[in-house]
Each structure stands twice: as C-alpha cells, then as structure tokens.
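A.B. asks: Once you have looked at the hints, place chain V on chain X.
Chains X and V, in that order, give the protein sequences.
My numbering numbers the first residue of the first sequence as 34 and each following residue consecutively.
My numbering numbers the first residue of the second sequence as 34 and each following residue consecutively.
In short, the hints are calculated from the structure, not lab data.
Among these hints, one or two may not hold up.
Stated by the list, open to error - Each pair of labels, with its calculated beta carbon distance range: (1) X:PRO141 - V:GLY43: 30 to 38 Å; (2) X:VAL404 - V:GLN70: 21 to 29 Å; (3) X:VAL60 - V:GLY43: 30 to 38 Å; (4) X:LYS104 - V:THR147: 41 to 49 Å; (5) V:ALA283 - X:LYS96: 48 to 56 Å; (6) X:ARG100 - V:GLU417: 18 to 26 Å; (7) X:ASP395 - V:ALA290: 20 to 28 Å; (8) X:GLU302 - V:ALA283: 50 to 58 Å.
Ideal Cβ placement from N, Cα and C applies to all residues, glycine included.
There are 2 protein chains.
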Amino acid sequence: MSDYLPGLAGVPATKSNISDIDGEKGVLYYRGYPIEQLAEHSSFEETTMLLLDGELPTASALKEFSRQLRKNRWVKFHIKELMKTLPATGHPMDMLQTAAASLSMFYPSKDCLTAGGSGCEDINYVHNMTVKIISSIGTVVAMWEHLRNGYEPPGPRPDLSHAENFLYMFTREEPDPLLAHIMDVCLILHAEHTINASTFSTLVTSSTLASPYSVIAAAIGTLSGPLHGGANQRVLEMLQEIGSPDHAEAYVEKRLANKQVVWGMGHREYKTKDPRATILQGLVAKLMEARGGKVNPLMEIAMAVEKAAEERLGHKGVYANVDFYSGILYHEMGIPADQFTAVFAMARAAGWLSHWREQLGDNRIFRPTQVYTGRPPRDYIPLEKR
Amino acid sequence: MSDYLPGLAGVPATKSNISDIDGEKGVLYYRGYPIEQLAEHSSFEETTMLLLDGELPTASALKEFSRQLRKNRWVKFHIKELMKTLPATGHPMDMLQTAAASLSMFYPSKDCLTAGGSGCEDINYVHNMTVKIISSIGTVVAMWEHLRNGYEPPGPRPDLSHAENFLYMFTREEPDPLLAHIMDVCLILHAEHTINASTFSTLVTSSTLASPYSVIAAAIGTLSGPLHGGANQRVLEMLQEIGSPDHAEAYVEKRLANKQVVWGMGHREYKTKDPRATILQGLVAKLMEARGGKVNPLMEIAMAVEKAAEERLGHKGVYANVDFYSGILYHEMGIPADQFTAVFAMARAAGWLSHWREQLGDNRIFRPTQVYTGRPPRDYIPLEKR
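Next comes chain X alone, as it looks inside the complex:
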C-alpha cells in the first residue's frame, strides 16, 4: 500500500472476542451481554472475570477471585514511600503511571518468551496478574488523595467490595450504599470499550511480551491525554467555569458559534445516545430522588448544559456521553476532578488486561509500515560548511 489512513480510522488492527459496539443502534456488549443487563445485575468483580475469561463465573470462582482481590489491596510500604517522593502538585494520572510501572520491580511476572505462548494463557497467571494490578491501582489512587494532601492514608478494608473499599479508602468514611452502588456501576461501564487508543496501546506494548505492569503503565499514559480519558476531568471544569444554570445556554451557544467542543457531548462510536450515558442518567435521577432534590449545585448547571446542548445538537446525533454524567456523579462522591481519569483507569484495567491476555494467546509484534515522505538520499555536510 502506498497510502495510509490517519489514526488507522476504519482499519482493522486485530480480531477480538471481548466487546462489541453497534454504533447505529447504540448498543455495547461485553462478551455478548448487553451493558444494560450487566449494569443492572452484575458487579465490577464479576464483570472483570467475564471480560477476562469470556464467561460469567460460577459462584465459587467469583468468591475465590473476590477473596484474592481483597487480599491484594495492601501494597508494599516501599510503594507508599515512593509516592511520598512525588510532588503533590503533579497530576494523579502521572502518579498512577509511575506507580504502575514500579509494580514490575516489586512483584514478579512471567517471562512469556521462555514460557511460550501457552504459558501466558495459564489462567492462574492471568488471574494473579489481574488481581494484583486492579487491587493495587484502587489502593494507589485512593492513597494518593491522602498523601498529596500530607496525610497518612487509611489501610484497605477486606470486608468491603471493590467499589465500597475504594470509596472508603478515598474518603476515610463509611461508604454511602447508594453512592457505592453507583461507583460499582460506573466501574462496570468503564471497564471495556473495544479498540480505543489506550486499548490499542495495550496491544502494541503486549506484543513485545513486556510485563503486564509495563503494559498497563503504557495504557495509563495513553489514557491520560485530553483527547482520551482526560476528557471527564474537563466536563467538571467546564461546569465550574459556567458557574450558574442561567449561564449554561449562553455558554453552549458561544462554544458552538466558535466551533469549539462542549465537553462530554458526542462520541465517535455512537450515532445515537451512548448507552452508558443513559444508564448513568438514570442513576443521577435516582440519586436526586434519594436526596429529595438536594444535590450539589453543579448538578443543576449540568442539567442546564445538557438541555441546551441536546436542543442544538440532538438532531445531529450528538448527545451527552459517559464522561458527562460520570463526572457529576464522581463529584457527588467527593472525588476531585483531577482524579476522575485515574478512576477511569482503575475500571479500564479490567479491559486492558483482557486484551493483554487475548494478544498473548495469538501474538505477533506490531510493526506497521510508513509512507516515507522525507528527503531523498544526500551526503553529509561538514559542520564548517553549514
């Protein structure tokens, strides 16, 4: 081929059994199960096993996997010491990439080259790595919130689910059951989304047989960009900038007139409303009802922005997306905006590790070609003649 498609848009880069999107109908499936059914009936722990292994686990397998996740919530104290050397002003995603990369040194992983492809298909190994990484990320993200403010973080609680424990460790308070349920659903919804940029990054790094910690650190770096995971933080910053529901319509008008994006609106993969957004919208309503309408003032601004944006963009198939509602909900849980992408990473690690496993099962190193558009051969010019 002599030409290329920028961003490989529309170019198939892999085959996969993990998830599927029907952008016309606005549906998302994990291993064939509609996301709505998983959001309603499953848990993040169960969904992680489904994504990894391809099937819903039996009760005993789920119990064992949950036990392992709980047991791995403690990270070595050296990792806390490492985090203390990092500047409090740094971005949580940069902290998370640093901490994830360091896990490679603290915990062993298998040499998949020596073990052969089948060695890395070993289900116990895949589970062990997944458990270590998902539990560690939850702990590290929550710990950082305390460390960057100058406090010792609380230890993990083995009596709580993944979502509950994260909220407990993050806020040092007994988690509110409704908020913990919402967090669990948010983690399910963010766990996987076919071959997006960070998942593609996962495949590329996995394909050299790098350790799963190095793979996840690479994916975290890719997710951190404002064109990818960094977007959910910007939704909240936008709402704070607008300041009042009365200003929402004028703000949206101005952004559209200037051909600027309205953060949290639209998704390249969906021609209809993002199905995850619809689920979160229902949870926002549930939360408002439970609170007798007394919610954070930003929620009202959000509602006004959503209305103004959908009136103007809905006919083009542009609606509020998953970032729009998750930001509002995380804010309600007491999570600062700059931590939103780290929470996203904590969920997406389940998808990334499922793709890591799939890549190793049928690996070929990624080495595409380029269309060379540079200078033809020429001779070196000595410094004194330039």
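C.D. replies: Chain V alone, transformed into the frame defined by chain X:
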C-alpha cells in the same frame, strides 16, 4: 474491511519524514543521510538535532543545544530519593519506565489541546522537552547502576559529551577515548529505525496529546519486551551460557536443529546484513587492534558464534544484527547485560521524540477497528443459575 493483518504487518500506519530503510540494499537513512556517514562524521548530539528538526544544525545551534543538554544532566534530588525506594533486584528498564513517568510530575509540559496543534510545533518547546528527557534518561540509567549496588552516584560532568558523561557517570572513571567514541557511535546507530513497535507505541500515546514524559514512558515499556529491545541483553547471556569458543559451533547447530533463534542473528527489515552491524563490526576490529588482541574472553566466543551462524544462515540472508555487536561492545565498557536495553532507550529517545513532534504536527487519535469474533448477543444468567 472484514479481515486484518496480524501486527499490522505491511499496513502503513503513518507518513514520516524521519528515517527510511531499504531492506533489499541494506541501507538506513536518517533524514536522507546514510547511517554510515553519520556514524563516521556526526555525534549523538548533532544526530538528535537532525532527527528532530530535519536538517543538520549550524555550529551555533548545535553549541546551544549541547549546552542545554549538559545543563539538564542534573535531576531533582527527589528523583534520586524515588529511585532509592525501588528494589535493587528490579530490572533497569522497569526502573527507567518508572522514573520517566515521574518526570511528568517534576517538570512542566504544555497542554497541547489548549495550545492547539501549532503550539506543540513550537521549536523551543520541542527542544526543551527533548533535552530534558534525553539528559534525564542518561543520568537516571547511570545513577541506577550505583544506587542498586548501594552507593551514592557521582554527579554529572558538564565538560564531557553525552557519550563521555554517560560512561563517566556509569563507571565513575575517566572515560577511555576509544570506548567513548564507540559509545557515541552506538547511540547514533540506535537513535532511530522507522516505525518499530516502540516508535509505533510513541505515535499511539502521542495521539491522545499525553505529555511527552508519558509518551516516552509508554515507549520504554514497549521496548522492554524480549521480542524488541530486550534482545540485546539475551545475546550476552547466550555468550556467557556458551562459555568457550570451542562450544560455539555445537551450540548454534543445536539451536537451529531445535528451530530456536540464535540471539542477535537476523533482522526482519533487512534482506542483507544490517548496515549498523557492519559499522559495529568495524569498531570491534578497531578495539581489538588497539588492545593488541587482548579483549574480554566473551569476544572470542562471539566471533566463533558469528562464524558458525553465518556459515549456516548467511545464504538465507541471516547475519549478525546490531544487537549482536552492541552487546559485546557494551560489555567491554563495563556495562552489565541487564542495562543494555536501557542504553538502547537512551539513544532511541531521540527518535521517539522526533516522532512525537511529527505526530503532533498532523495529529489524529489512533483508533483502529477490530474484527469481532466473539459471542453473539445473549442474556445475563443470574449467579444462582450458573
């Protein structure tokens, strides 16, 4: 498209002006200049500017760039403290990914989304980021050699070139001029090599507008895999395993009979001998001559392996590659085998950052598609019915 090419082999993923390979003729060009001419006349500092900017620098621009590189050899002492929290048993590439990711928190980078595409094309910004990253990597790799052995590392020396300073910091000895020259050539030869897996990883991470530190950390993770940069370490381990020149022929015979690779032989891109290997072979000869034939015993084993492998594989176009000779030369400089890939990363950072710059100049987020081969839609099964 309904089918895909594993590893995107033969699929163009980008256009690029940076480097070009003619695999039939066995030639490699950086910005149009043959690698042989750069190895003979250029320096790593100058080659880095050539790769970044597209043209050989003027004497004054090179002087200023070198000054900046020298000035940035000091890293904040917090980074040393961070490195002290890492286990001495960890792999240097994992240390390097951790330290590179942490730079995002210690040093500012531009928000390219806010600044717009052209903002990131700002030559001063590109130079500042490149200088900070290349100088820091050199310092961190050398520091780690002392820290992991329990010693305080020496500080950098602003009177030395990049290659000389690295050898000084690594060994704490005045660098031997011939070895420093060889290191400089090794850095030039490893600086760039079109769209290999780690460079592709650079493009994917860059495309979300992640910080250049996050981008380089992702690329280091990808390079760390044994199918990519990890290979040069294995050459030396193989020579140590063989133990004597007399065993070389039998070893090669056995590996080939078992359809196993002989490390450091062959390269997917070249049908002839890797041009970088030819250059390094010349330097090995020069070094042997300078030492009156008295070199490390591993060199004799290497020569015997090379002879045995080329007799058996040369007719298939399989010859010793750049990894084969660089490993021997690094060993001669007193660099342990597990640090080889980190030295590779130090050089390749020049290429990665050139591709980072090029990607930002004409960016589109990487989001290829997948061929979905998984389950068709199905309904959730409650836990008690599984």
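A.B. asks: Compare the structure with each hint and give your call.
C.D. replies: Now the hints, each set against the structure:
About 36 Å separates the C-beta atoms of PRO141 of chain X and GLY43 of chain V, a value consistent with the hinted range of 30 to 38 Å. Judged by the Cβ atoms, the range 21 to 29 Å given for VAL404 of chain X and GLN70 of chain V holds: they are separated by roughly 24 Å. Distance hint for VAL60 of chain X and GLY43 of chain V: a CB-CB separation of about 34 Å, consistent with the stated range 30 to 38 Å. Checked against the hint of 41 to 49 Å, the C-beta distance between LYS104 of chain X and THR147 of chain V comes to roughly 43 Å, which is consistent with it.
The hinted window of 48 to 56 Å between ALA283 of chain V and LYS96 of chain X holds, with their beta carbons roughly 53 Å apart. The given range of 18 to 26 Å is respected by ARG100 of chain X and GLU417 of chain V, whose C-beta atoms sit roughly 19 Å from each other. Under the hint 20 to 28 Å, the C-beta atoms of ASP395 of chain X and ALA290 of chain V, about 27 Å apart, fit the expected range. Checked against the hint of 50 to 58 Å, the pair GLU302 of chain X and ALA283 of chain V passes, with Cβ atoms roughly 57 Å apart.
In summary, the structure agrees with every hint in the numbered list given earlier.
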